[in-house]
Amino acid sequence: MTLPTEKVDVVIVGSGAAGSAMAAKLAAGGKQVVILEAGPERGNRDLISSGIWARRLKWNGESVVEDGENPVGHVFNAGYGIGGSAMHHFAVWPRMHEEDFEMRSLYDRGLDWPFSYADLQAHYDQVQRESGIAGDAEKEIWRPPAEPYPMPPVPRFAQGSVIARGFDKLGMHTAPLPLAVTTREYNGREACIWDGWCGAGCPIGALANPLIIDLPIAFAHGAVLQANATVSRILSNVTGEFVTGVEFNNEAGETRQLMADLVVLAAFTVQNPRLMLASANDKHPSGLANSSGTLGKFIMSHSAALVYGLFDENTSCHLGAVGGQLVNQDGYGKNTHADAGAFGSYQWMIAQAVKPNDLLGMATTRPDLFGHDLHAFMQDAAHGFAGMTAVIEDLPLAENAVTLSSTLDRFGTPLARVTHTTHAQSKLLWQAVLEEGQAVFKAAGAREVWTGPQAAMHIMGGTIMGQDPAHSVCNTYGQAHDIPNLVIAGAGLFPTSAGVNPTFTIHALAARSSEHLLNHWNSIVQ
Amino acid sequence: MPQTRRAFIRTTGIGLLSFYVAGCKLELTPGEARQQDIPFQVLQVEQVRILEAFGEVLLPGSAAAGLAHFIDHQLNAAPADQLLMIKYLGVDPPFTAFYTQGLAALNDTAKSVHGVQFFELSVDQKIALTGQIALANPDGWAGPPAPFFYFVLRNDAVDVFYGTKQGIESLGIPYMAHIEPPSRWGE
Ligand SMILES: Cc1cc2nc3c(=O)[nH]c(=O)nc-3n(C[C@H](O)[C@H](O)[C@H](O)COP(=O)(O)OP(=O)(O)OC[C@H]3O[C@@H](n4cnc5c(N)ncnc54)[C@H](O)[C@@H]3O)c2cc1C
Ligand code: SF4
Numbered sequence: 001m002t003l004p005t006e007k008v009d010v011v012i013v014g015s016g017a018a019g020s021a022m023a024a025k026l027a028a029g030g031k032q033v034v035i036l037e038a039g040p041e042r043g044n045r046d047l048i049s050s051g052i053w054a055r056r057l058k059w060n061g062e063s064v065v066e067d068g069e070n071p072v073g074h075v076f077n078a079g080y081g082i083g084g085s086a087m088h089h090f091a092v093w094p095r096m097h098e099e100d101f102e103m104r105s106l107y108d109r110g111l112d113w114p115f116s117y118a119d120l121q122a123h124y125d126q127v128q129r130e131s132g133i134a135g136d137a138e139k140e141i142w143r144p145p146a147e148p149y150p151m152p153p154v155p156r157f158a159q160g161s162v163i164a165r166g167f168d169k170l171g172m173h174t175a176p177l178p179l180a181v182t183t184r185e186y187n188g189r190e191a192c193i194w195d196g197w198c199g200a201g202c203p204i205g206a207l208a209n210p211l212i213i214d215l216p217i218a219f220a221h222g223a224v225l226q227a228n229a230t231v232s233r234i235l236s237n238v239t240g241e242f243v244t245g246v247e248f249n250n251e252a253g254e255t256r257q258l259m260a261d262l263v264v265l266a267a268f269t270v271q272n273p274r275l276m277l278a279s280a281n282d283k284h285p286s287g288l289a290n291s292s293g294t295l296g297k298f299i300m301s302h303s304a305a306l307v308y309g310l311f312d313e314n315t316s317c318h319l320g321a322v323g324g325q326l327v328n329q330d331g332y333g334k335n336t337h338a339d340a341g342a343f344g345s346y347q348w349m350i351a352q353a354v355k356p357n358d359l360l361g362m363a364t365t366r367p368d369l370f371g372h373d374l375h376a377f378m379q380d381a382a383h384g385f386a387g388m389t390a391v392i393e394d395l396p397l398a399e400n401a402v403t404l405s406s407t408l409d410r411f412g413t414p415l416a417r418v419t420h421t422t423h424a425q426s427k428l429l430w431q432a433v434l435e436e437g438q439a440v441f442k443a444a445g446a447r448e449v450w451t452g453p454q455a456a457m458h459i460m461g462g463t464i465m466g467q468d469p470a471h472s473v474c475n476t477y478g479q480a481h482d483i484p485n486l487v488i489a490g491a492g493l494f495p496t497s498a499g500v501n502p503t504f505t506i507h508a509l510a511a512r513s514s515e516h517l518l519n520h521w522n523s524i525v526q
Numbered sequence: 001m002p003q004t005r006r007a008f009i010r011t012t013g014i015g016l017l018s019f020y021v022a023g024c025k026l027e028l029t030p031g032e033a034r035q036q037d038i039p040f041q042v043l044q045v046e047q048v049r050i051l052e053a054f055g056e057v058l059l060p061g062s063a064a065a066g067l068a069h070f071i072d073h074q075l076n077a078a079p080a081d082q083l084l085m086i087k088y089l090g091v092d093p094p095f096t097a098f099y100t101q102g103l104a105a106l107n108d109t110a111k112s113v114h115g116v117q118f119f120e121l122s123v124d125q126k127i128a129l130t131g132q133i134a135l136a137n138p139d140g141w142a143g144p145p146a147p148f149f150y151f152v153l154r155n156d157a158v159d160v161f162y163g164t165k166q167g168i169e170s171l172g173i174p175y176m177a178h179i180e181p182p183s184r185w186g187e
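As they're listed, the protein sequences go chains A and B.
Just so you know, my numbering puts 448 at position 448 of the first sequence, and the rest follows in order with no gaps.
Just so you know, my numbering puts 154 at position 154 of the second sequence, and the rest follows in order with no gaps.
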């Protein structure tokens, strides 16, 4: 693929979930699309099944300075190279709930999303058909209005049954976890074989990652992807009303420019605002499209509530997908734990397939053990280990933000500094949910139950969308309020974080945004 | 295009540790490198002795599995190729100072408390000191935060011992690779 030198219709920064989805839709809509990706070229055959080798998929770009009491864990939570973090994400794809879109109106928190669930539903349904999601719509009693799932649900292995027993005993409900993973052959993709290697990237196409879903469509419609191309600045015209392209550094370290009618920033939640802040000019002195002063602000990260147990029976905990087998959203209502002073939504992802090593491995759940005790634990855990993780809503705070560090990267661009401290009520929710999880494991008959530390999972906000240009960076379609041909894609748009994983919503937003851009092209670009 | 499982297993075989010995490139697992006494690129002999002794306390068998060669090799690799877990624990590369300063602090603590190097302590003394640094910096500790150093090194030991095909299978768990990692790791 040769990189065009002439002006193109669209340049997309980043080839992860958001960038690839935008590329597929805009290229299929007839636009000439170029994707610039900072990280390396990568194919299915590079996805080695090993927790150690999988670390090559993690963020390896310019350092990110982390601050605050609860850092966002950028290197772990971000990917690098073709497909971005989505290449090794776990594909838990639940929908946000109707009330998540009205946080200001209903609960006086954060901002309302600039549209309702009903406005997004058709896009969720479209993405669900295209990417393939396995689930059981009837058993998922909390699910908002939606088309049924196109694939039968994920199977339940022993670990799922053991934990489900605890939920049953407490009168709580479980349903198969909605996963963007094939439970049967789907659109030419092989069915999953439940070996638990999702975190190293699924090379057989069972998991909906960009290499399988969107990039082939984009390429089939002529899109060009340039790897090892790090965008360092967004260029704008003299009046500051439009962006005109981007400046990037190629593998040889040369600085190049690519001009485009439309610039889509899909470089993930931290790099998008960093690039906009670093592209300040005399017309946008505090960062591109920052007349509201909210650029970089309201960074959110779900806290993970981690509960583990040992059971006497064999849990076969190596089987399944890493995302898990079952879901529980009984506590999704925002005030479930109000008596503990907590506020917000959460869901349990139950019975994740687990390996012995790495950050999410069995050994790491008991950092206190070493020596022969650790060996004994590993032998025990290999047979009777079980775990589940709750996704805890993180309430937005303006002081949680991406700002520019005074340190420059190798191209002369200031590094990003991300400050994040969990909102007090979100922290109380994390604590209350941990209690609930331990009660579930005890009810399930665990002989030992323990919990993990508060860990960051998913990064959202920083380029939030809203109706009011005075209080948000982007409009309902991800266009910057101040610069209509600058579009943001990804979870950076989320004004509030909800209590579910973000990637299905990222795809639905990309479908909605690209449809609007194609339908109103001439009025958006100069 | 998606690959089938069989096709992958046929097309693998990459990624062994590479060592240059007398101008020849050898591809070995960390365990094999240790057996063959392959020279270290980054770590000094004394650091290796401390590291292996510490590894044996953290997870007996990890020294023989090649903990020191694994860390040495990774510290010598380009950042993009480094596979140490520390890369996503909030420490910026290069990581050499983290390891060498941590090992020095551990050894200095052994010397100041017991008057001998860490690897010369009795087994009980090593275990007691390890238990102590797992919880807090001992008096006079001059390295990365001791509990964090313990956490990282412990996980490195787990990587080498249990993170390989052989290690996973030693727990009775089938490896079930789509794409086999370097086939001889830990064997
Ligand atoms: C271990 C893990 C498990 C996860 N599991 C789930 C899950 O089960 N469900 C779920 O919903 N979400 C999950 N996620 C989150 C999911 O991966 C992200 O929500 C999603 O990938 C974000 O999409 P994105 O396109 O915004 O960013 P990414 O997919 O990260 O892509 C961004 C791309 O931009 C590139 N880039 C950055 N800066 C530049 C630059 N300056 N120039 C050019 N390119 C640049 C990066 O290299 C990267 O390739 C998980 C994430 C991780 C790390
Ligand atoms: S468990 Fe399924 S989705 Fe995950 S890596 Fe294996 S085949 Fe792919």
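Please keep in mind that the hints were generated in silico from the structure rather than gathered at the bench.
Careful: at least some of the hints might be erroneous.
[Said to hold, decoys possible] Facing chain A, according to a computed beta carbon distance under 10 Å, are these residues of chain B, among others:
#	residue
1	T96
2	G131
3	Y150
4	L171
5	P174
Beta carbons are placed, not taken as given, at the ideal position from N, Cα and C, and that holds for glycine.
Hints, verified against the model:
| no. | hint | verdict |
| --- | --- | --- |
| 1 | T96 | 16 Å, violated |
| 2 | G131 | 8 Å, holds |
| 3 | Y150 | 8 Å, holds |
| 4 | L171 | 4 Å, holds |
| 5 | P174 | 7 Å, holds |
Violated hint: 1 only; the structure is consistent with all others.
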